[in-house]
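Q: Sequence:
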Amino acid sequence: MIERLRIVYERLTAGGSTAEKALQSGIWVAGINVTDRILQLLKVIILARLLSPAAFGLLGIALLVIAALRQFSKLGFDEALIQHQDDDVDAYLNTAWVMKIVRGFGIAVVAFLAAPYLAVFFSEPQA
77 MIERLRIVYE RLTAGGSTAE KALQSGIWVA GINVTDRILQ LLKVIILARL LSPAAFGLLG
137 IALLVIAALR QFSKLGFDEA LIQHQDDDVD AYLNTAWVMK IVRGFGIAVV AFLAAPYLAV
197 FFSEPQA
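When the letters of the sequence shown are read in order and numbered with my numbering, they come out as residues 77 to 203.
Derived from the structure by calculation, the hints contain no laboratory data.
What you were told as hints is all true, and nothing was included just to trick you.
Restraint-style ranges between C-beta atoms, simulated for each label pair:
| no. | residue 1 | residue 2 | range |
| --- | --- | --- | --- |
| 1 | Arg125 | Gly92 | 43 to 53 angstroms |
| 2 | Gln116 | Phe153 | 19 to 29 angstroms |
| 3 | Ile137 | Ala98 | 37 to 47 angstroms |
| 4 | Lys97 | His160 | 16 to 26 angstroms |
| 5 | Ala106 | Ala195 | 36 to 46 angstroms |
| 6 | Tyr85 | Ala190 | 40 to 50 angstroms |
| 7 | Ala190 | Gly152 | 22 to 32 angstroms |
Cβ atoms here follow ideal geometry from the backbone N, Cα and C, with glycine treated the same way.
Based on the provided sequences and hints, a complete structural model is requested.
A: The following block contains the structure:
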């Protein structure tokens, strides 16, 4: 078993041509995405078991609103950091960090201001 894991590890981390590196990166990204989806499913299953149906519905509304706000406010700093790897990344990292903090506060303010309208839209006074 350990030998098989070692072989898989060597294949996924070994250097090589650009095509091999792209394939290895794709495998890593796919593995991370699958793991993330499984963990999200487990989270929903556990919360569905622990919460009442009404509370779980409110959680669903909250998660939907937060996901929409995050999706519409993506800044693209992650992609820019990957693109500027060869430059002095410290300045880019500081800017990205500050902008993500500002984005978080902006999302919180928009969610707070939109809460009454979202409650009417979803016909749920507690939303």
